[in-house]
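Novice: What follows is the residue order along each chain.
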Amino acid sequence: MIEVEGLTKRYGSTLAVDDLSFSVAPGSVTGFLGPNGAGKSTTLRAILGLIRPDTGTTTVLGKAYRNLERPIAQVGALLETFDAHPGRSGRNHLRVLAAAARIPTPRVDELLALVELTDSARRRAKGYSLGMRQRLGLAAALLGDPEVLVLDEPANGLDPQGIRWLRDLLRARARDGGTVLISSHVLAEVAQTVDEVVIIHRGKLIQHAAMAEVEAMAAGSTIVRSPDSDRLAGLLTQAGLDVGLLEGGRLNVAAPSERVGEIAAANGVVLHELTTERATLEEVFLQLTATVESG
Amino acid sequence: MSALVVAEFLKFRTTRSWIGFLLAAVALTAIAAAGTVGSARNDQLGTMALSRDIVSSSVFTAFVAFLIGIMSVTTEWRHGTVTRTFLVTPRRGRVLIAKELWIALLATVLAALAIILVLAIAVTWLAVEGSSLGLDGGVAGFVGRIVIASVLWGMLGVGVGAVVQSQTPALVGAIIWILLVEALITALLGLVDLEVVGEYLPGRALSSFDGTVDGGLTMWAAGAVSLAWVVALGFLGYARMSRQDVT
Numbered sequence: 066m067i068e069v070e071g072l073t074k075r076y077g078s079t080l081a082v083d084d085l086s087f088s089v090a091p092g093s094v095t096g097f098l099g100p101n102g103a104g105k106s107t108t109l110r111a112i113l114g115l116i117r118p119d120t121g122t123t124t125v126l127g128k129a130y131r132n133l134e135r136p137i138a139q140v141g142a143l144l145e146t147f148d149a150h151p152g153r154s155g156r157n158h159l160r161v162l163a164a165a166a167r168i169p170t171p172r173v174d175e176l177l178a179l180v181e182l183t184d185s186a187r188r189r190a191k192g193y194s195l196g197m198r199q200r201l202g203l204a205a206a207l208l209g210d211p212e213v214l215v216l217d218e219p220a221n222g223l224d225p226q227g228i229r230w231l232r233d234l235l236r237a238r239a240r241d242g243g244t245v246l247i248s249s250h251v252l253a254e255v256a257q258t259v260d261e262v263v264i265i266h267r268g269k270l271i272q273h274a275a276m277a278e279v280e281a282m283a284a285g286s287t288i289v290r291s292p293d294s295d296r297l298a299g300l301l302t303q304a305g306l307d308v309g310l311l312e313g314g315r316l317n318v319a320a321p322s323e324r325v326g327e328i329a330a331a332n333g334v335v336l337h338e339l340t341t342e343r344a345t346l347e348e349v350f351l352q353l354t355a356t357v358e359s360g
Numbered sequence: 016m017s018a019l020v021v022a023e024f025l026k027f028r029t030t031r032s033w034i035g036f037l038l039a040a041v042a043l044t045a046i047a048a049a050g051t052v053g054s055a056r057n058d059q060l061g062t063m064a065l066s067r068d069i070v071s072s073s074v075f076t077a078f079v080a081f082l083i084g085i086m087s088v089t090t091e092w093r094h095g096t097v098t099r100t101f102l103v104t105p106r107r108g109r110v111l112i113a114k115e116l117w118i119a120l121l122a123t124v125l126a127a128l129a130i131i132l133v134l135a136i137a138v139t140w141l142a143v144e145g146s147s148l149g150l151d152g153g154v155a156g157f158v159g160r161i162v163i164a165s166v167l168w169g170m171l172g173v174g175v176g177a178v179v180q181s182q183t184p185a186l187v188g189a190i191i192w193i194l195l196v197e198a199l200i201t202a203l204l205g206l207v208d209l210e211v212v213g214e215y216l217p218g219r220a221l222s223s224f225d226g227t228v229d230g231g232l233t234m235w236a237a238g239a240v241s242l243a244w245v246v247a248l249g250f251l252g253y254a255r256m257s258r259q260d261v262t
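Protein chains in written order, with the working numbering: chain A, 66 to 360; chain B, 16 to 262.
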C-alpha cells in the first residue's frame, strides 16, 4: 500500500508537485504516467523519503519511509540516476547494500543470476552499458525481497526480452499480493503491464483509472463517406451521436462502425466508406494531458 | 549499527582509492621517520626526546585519515551513491554515526601500523649506527596521543565532508584551511594581541594535542578543544544532511 496525501513540492519558483493525492493498492501494478517534467520522479523520491515535501505526506505500508523497520526488505526502489560507485564492481555494490541491511551474501549472487549479470558481476560498474546499469539497479531493488516496488522508468535501456522479463516479474509480484508502482512517460510502454494508471501533468493529478477505462477511451470513432453526407449527418445527429465534418465531405462519428452502418442501412443511405478510427494509447494520453494545458 | 559500520568498511575496501591512501600513508610516514632518524645528531642518539620525535613522525597518517574521512562522505555525493545509502538507511544520522565509528576504527589501525613502521625503521637504522631506541612511559604516552589524534582527525574529516559535501571544495578547502588560513587568522588576531584565540582553531588544537607543535594549549585542553570541533562539525553535518533533498 502506498499513499500520497496532498503532496506539494516546490523547487525555487518551479512547482514540481501540486497538491497531489493518490493511493496504490496491494495486488496490482499501477502505472505512474506523465510527460517528462510532470513531477513523477519528485513524487517517487518523496515516497522514498529522499526529498521533504513542502506540505502533504507520503506513506508506504502505513508508515513514512524513514520509519520503516527494514526499509529495503519492505520497499524496493529504482530511481533514474545511476547510484552505484563507478569504481566498484556490480557484485560489491550489492554486497555493500546487503551488509548494511544484514542480507546474506548468497542472496547477492542469486540476484546477479536473476538479472543475468553474473558474468560481469566482478567488473567495475563504470564499464556497464545502460541496460546492465538498469539491471543492476533492479537487482538492488529486489535484494531485500520487498513487498512494495517503486520503480522509476524501469524499462529504460532494457532490450525487448528484458522488458518482457520485467513485465512477467511485476505481474507475478502483484499476483502474490505485492504493491507495484512504475513510472513511465510512454503509456503504450506500460499498457500491457499495469492494472491501473495514475496520470499527472505539471504536478497535478489528471486521471486515476483502471487501464481498461483508458483503453475504452481509445475505442475511437468511425469515419464515414457518403454521396448523401448532409442527410446522413442529420440522421446521425438525430440518433444522438457527435458528428464532425472532415475534408472531402467525410464525417467523423463518435460511435462504433456497427452503429453508424445500421443507421445508414435503416434509412437507405448509400455508403462509400466506413472505417473504424482507433486512437492510439499515446493519443489518449496526449489528449488527457492537453486538456490541462488549455485549462 | 554494527552492520552499517561493516558496510562502510566494505565501501572503502571495494574501490581502488584505498590503495592510494595506504601508499601515501606508508610513503609519508617512512620518509618522515627516515628524515627524523637520519638527521639526529650523535648526542641525541638514545635520548627520549629523539624517541618522541621518531614516534611523532607517524602523525602523517592522521592527515591521511582526515582526507579519507572527508572523502568517505563526499564520494557518496560525487557518485550519487548517497541515494542508495539513504534508501537502505533512511535515518541519515545513523549513516553519519556509522561513518564516524568506521573512521575511528580505521584511523586507529592506520596509526598503529604507522607507529610500527616508524619504530621498525628507527630500530633498524639505529642498530646499524650502533645505537638503540630509548623507550619510557613518556614515549608510550606519545604513542597513545598519536593514535587518538588520528581518530580525531579522521572524525573531523567526516564532519567536514558532511558539511561541505562536494568533493573538490571539501578537500582543497580543508587543506588550505589547515596549511594557510589558520596561520593567517592567528597572525591577524596577533595584530590585536589575541593570537591565543588562534590556538583554539581545529588544526592548531589537534597539532597541540598530538605534540607536533609546541607552545600551544596543554595536552588536555587541546584534546578537549579538538573533540569539541569534532562534535560541532558532526552536528553541523547532521543538520545539513538530515533535511536535505536528495535529487
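Don't take every hint at face value.
[As the list claims (entries may be wrong)] Label pairs and their computed distance ranges (CB to CB):
| # | chain 1 | residue 1 | chain 2 | residue 2 | range |
| --- | --- | --- | --- | --- | --- |
| 1 | B | Trp192 | A | Gly102 | 35 to 45 Å |
| 2 | A | Glu134 | B | Leu128 | 52 to 62 Å |
| 3 | B | Ile191 | A | Gln257 | 54 to 64 Å |
| 4 | A | Gly102 | B | Ser17 | 35 to 45 Å |
| 5 | B | Gly153 | A | Thr170 | 45 to 55 Å |
| 6 | A | Asp174 | B | Gly188 | 48 to 58 Å |
| 7 | B | Ala18 | A | Lys269 | 22 to 32 Å |
Rather than coming from a laboratory, the hints here were simulated on the basis of the structure.
Just so it is clear, the structure is predicted and the values come from calculations on it, not from any experiment.
Quick reminder that beta carbons are idealized off the backbone N, C-alpha and C, glycines included.
Novice: Hint by hint, say whether it matches the structure.
Specialist: Status of each hint after checking the structure:
1. B:Trp192 to A:Gly102: 35 to 45 Å: Given about 40 Å between the Cβ atoms, the range holds.
2. A:Glu134 to B:Leu128: 52 to 62 Å: Distance hint for Glu134 of chain A, Leu128 of chain B is violated at roughly 39 Å.
3. B:Ile191 to A:Gln257: 54 to 64 Å: The hinted range 54 to 64 Å holds for Ile191 of chain B and Gln257 of chain A, with Cβ atoms some 58 Å apart.
4. A:Gly102 to B:Ser17: 35 to 45 Å: For Gly102 of chain A and Ser17 of chain B the Cβ distance comes to about 43 Å; the hint holds.
5. B:Gly153 to A:Thr170: 45 to 55 Å: 47 Å, holds
6. A:Asp174 to B:Gly188: 48 to 58 Å: Hint violated: Cβ distance 42 Å, outside 48 to 58 Å.
7. B:Ala18 to A:Lys269: 22 to 32 Å: Once the Cβ atoms are compared, 41 Å apart, the range 22 to 32 Å for Lys269 of chain A and Ala18 of chain B is violated.
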